[in-house]
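Undergrad: Letter by letter, the chains look like this.
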Amino acid sequence: MAEIRDLFGLELRVVNVGLESFAAVLDSLGVTVLHVQWVPPAGGDPERARRLALLDDEDGT
Amino acid sequence: MIVRTLIKRSFYQDSVALMGVARELRGGAGIQEAAALMGTPANRELMEQAGLLTAEAAAAGPNDLVVVVRADSETAADRALARAESLLTERRRRVEAAGRRLPRTLDSARRQLDGANLALISVPGPFAAAEARKALHRGLHVMLFSDNVTLEDEVALKRLAVERGLLLMGPDCGTAYLNGVPLGFANAVPRGRVGLVAASGTGLQQVVSLLAAGGEGVSQAIGVGGRDMSEPVGAAMTLAALDALGGDPGTELVVVVGKPPAPTVRARVEARLRTLGKPVVVAMLGRDVIPGRDGSLHTVTSLEDAAAAALALLARREHRTHSFAGVEDAARRIAERRHALAAGQIAVHGLFAGGTLAYEALLILEPLLGAVGGNLGGSVASPHRILDLGADDLTRGRAHPMLDATLRAEEIARAGKDPDVAVLLVDVVLGHGAAADPAGDIAPALEAAQANARANGRRLAVVASVVGTSADPQGLGRQVARLESAGAWVLASNAQAARAAAGIAGGPRVTEALLGGAAR
Amino acid sequence: MTIGEANGRALDRLTSAQPVLMDCVPARAALGLDERTVLHSGPPLPWERASPPVQAAVLCAIRYEGWAADDAAGRRLVESGRVSLKPCHHAGAAGPMTGIITASMPVFVVENRPLGNRAHATVNEGLGKVLRFGANDASVIARLGWLAREAGPVLGVALREAGGLDLRALMAQAIRMGDEMHQRNIAASALLARALLPHVARAVPDTGAVARIADFIAGNDQFFLNLAMAAAKAAADPCLEILGSTMVATMARNGTDFGVRVAGLGDRWFTAPVNTPEGLYFPGFTAADANPDMGDSAIVETVGLGAFAMAASPAVVRFVGAGGFRDAVRVTEEMAEITLGEHPHFRMPNLDDRGVPVGIDIRKVVETGVTPLINTGIAGRTPGTGQIGAGMVRAPLACFEQALDAFARLQGVA
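Chains as they are written, first to last, in the working numbering: chain A, 1 to 61; chain B, 1001 to 1520; chain C, 2001 to 2414.
Think of the hints as simulated: they come from the structure by calculation, not from any bench.
A quick note: this is a predicted structure, and the numbers were derived from the prediction, not measured.
We put the beta carbon where it would ideally sit given N, CA and C, even for glycine.
Any given hint could be a false lead.
Partner residues are not named here, just some residues of chain B that face chain A (Cβ under 10 Å, in silico) [unchecked claim]:
hint, residue
1, Y1012
2, L1183
3, H1432
What follows is a list of derived Cβ distance ranges for each label pair [said to hold, decoys possible]:
hint, chain 1, residue 1, chain 2, residue 2, range
4, C, R2049, B, S1010, 28 to 38 Å
5, A, S28, B, A1481, 17 to 27 Å
6, B, A1059, C, P2273, 19 to 29 Å
7, C, A2414, B, R1159, 19 to 29 Å
8, B, G1286, C, A2414, 40 to 50 Å
Work out the full structure, taking the sequences as your base and the hints as a guide.
TA: Spelled out as structure tokens, the structure:
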């Protein structure tokens, strides 16, 4: 069973989703970070975005 | 007067980046006003209010980037739009020149970044829960910086996180430290023995900065968001974090920073604290908190005391609270400033970038000065005012005060003109992600306000604290010096600054209450 | 099963396909085509909405079959319903550009070994004035006649003699030689010729016929395109019954509409108006002369080839102006944003043998707004003009949005 504590011994490898400034700071500190060029899902259409969220991989028939 | 528009179709940039662009454009020669926004309905309304909603801007869609400038001349407008174009495409060019292609989704990011273990999510609120859920499903820990996440979503997300043994820090988690890495708006502090669980960003920043000043450091600092200890959420993340810190050999002492938990939650949290097997300092700021020691639990009533208690416990010496670091010096300065006040100058006006710092100041001022007004809840008729400038309604359509001093400068000017105001109380927050020179950003306004007061036969006392460390990019020493050269009295902590303000405005009775009797 | 699991199954089925070229026989037999049906590319298409090259090609095929003496009579047959139009995809076939198939045309038979399903495509006519670009004159009919009389039977005999040709291995090799199987099939065509002609030589006693088929194949750089399409369709079709999967199994255009079919949504077409390709034009032609996008050849992108494999075929990227290797890689990486995985068999030496991005996920398309890019020839709008250029075109986002909405309703999420 995974635990939060398992993270404590690892090198942090960050995926940054949102404000680019956060990734820039981490990068400047030598932290492994990859910035995601995030755009609002479904072109910002809230209904479709909601549907997309409910159709994530772990949901199913 | 020329108004010109630049539209970049299907070109998304985040709100902070865009505000930076707008600020740059506004600084251009001949530019009266500039806006850089995504073409969402809400933003179009903002543009309309600012008189910048051109026909092209009105026709833009939510995925289109809109830049509008109002300028003195065609040339100035052209120059500004060209600058906008180059600023906007600069990042893309830089990345592409480096040969890397930025992924568009969390999943393609994970394919590129083997072993990704943390998602730092700061997308707009309505989309944040879905991104967080995706990340948890993929087995990533999550720092959820975004606010405007519903309580319902928070409950579901934390349940999922606990099920998976993952962190969900937030929502509205602005600061955290994991494995020595500062995340979000965070100060440069050493690695050390203190583990923290914090419901607040600036609260955490104050405590760790003071720990660093005392020569100690942070093992892990886990943000849990402001609603974690509410009844619906049931302290889910707090309890999980405490378990993790309890079992972490790198953590010798735990500090909990937040507000008092909901009654139903309190017992569970306290029970976990007691069985942690490590000393715990509890700084849950509220009106009826009684400080003291109960076994391994040490309850304090200020952020400063939390750090002081932690330092004392680790050094195995006794911890005593003080009103001020140098009591005699403080007494002298308070008296100086009080005597210089004109008749009628009775009020403290606090203008804060940090919400928790504002709240802490309120809790300190109330018992000393009586009712305090402002925007921290409940309208109260009082000359005293504490404003949290980072509150939702004040940050709509504008950058947070930690990044942009415009609103604070306006409020400082207003205070300078107000004959009731005796003391201006401010916080200056340093660290990664904060503005490059927060002290310098408000110094001119502070100087002008004091000059204005003097010109009208008054003396405006300016009292400040700087939350930060010498290792911060802004440099604690440099920032303190800048404020002092602008006429501010800078104290070592937010709590001390609030007490100093109370002493100046409240008169001898208050000062005696503060200084008579060192240990509380 | 979860959506993730269903997609895993769909991707696995798609990428473990083993298309084998078995035979070449008249469409009448292979497709059960009757005497009054004309197959066309893309989703279902009413005659009145068809673009001029498609209409011209339909009328030409009707004359070729002898169902009408001239186009006016042919038009009356179609408008009265006595001749009906039907998508190739509904009859087990895929056709490039206008994609016209009628009963007496010879079609290649490709079998997907693991599952036994079959897909078919005509013999590519070559370049210039051909049926697939809407040319409609006697030379087209003469060539079609030769294909039916001689080329088809010769190819059939040779393939039966060979016992089938492994198309997957051939395509994997062609990709390593700079083909992407849509706009560039020259290596694949050469490999096919090498594999097939010895069998032609052995199985066909008439040396004249051997020479004619050898000349025909050697003179057509795009000969393999139709085979790539049949192979891709054979791989993708069996995915159409995997419930709960959001993987695209068909992309096709008919010059008017773009159609998408999804693994978990079966035979349903999700359509929207096609876009017009952007690219480079042959001398004398401009974008104003272009017909809107058409062809079943987008089935190639559906299995990770064509534009998706652009990094393996940098020469192709020049068809949208100045572009070098970096742009080609960028295209492949962009397509990787919307796909489920990498193909285990089709690998790109230019990218350290990474597999081509394959298995378009409608969720990712809608989420990111990144639509599949398709490499394509550009036909002239005026019938008989033929190919006027080559370029790239995007699948319309609306198809994927509609598909997603339908999928959501099916899942009880709406």
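Undergrad: Could you run down the list of hints and mark each one as holding or not?
TA: Quick rundown of the hints versus the structure:
1. Y1012: holds, 4 Å
2. L1183: Given a least distance of 8 Å, the restraint on L1183/B holds.
3. H1432: holds, 5 Å
4. R2049/C <-> S1010/B: 28 to 38 Å: holds, 29 Å
5. S28/A <-> A1481/B: 17 to 27 Å: holds, 25 Å
6. A1059/B <-> P2273/C: 19 to 29 Å: holds, 22 Å
7. A2414/C <-> R1159/B: 19 to 29 Å: Cβ of A2414/C to Cβ of R1159/B: about 24 Å, so the range 19 to 29 Å holds.
8. G1286/B <-> A2414/C: 40 to 50 Å: holds, 45 Å
The structure shown violates none of the earlier numbered hints.
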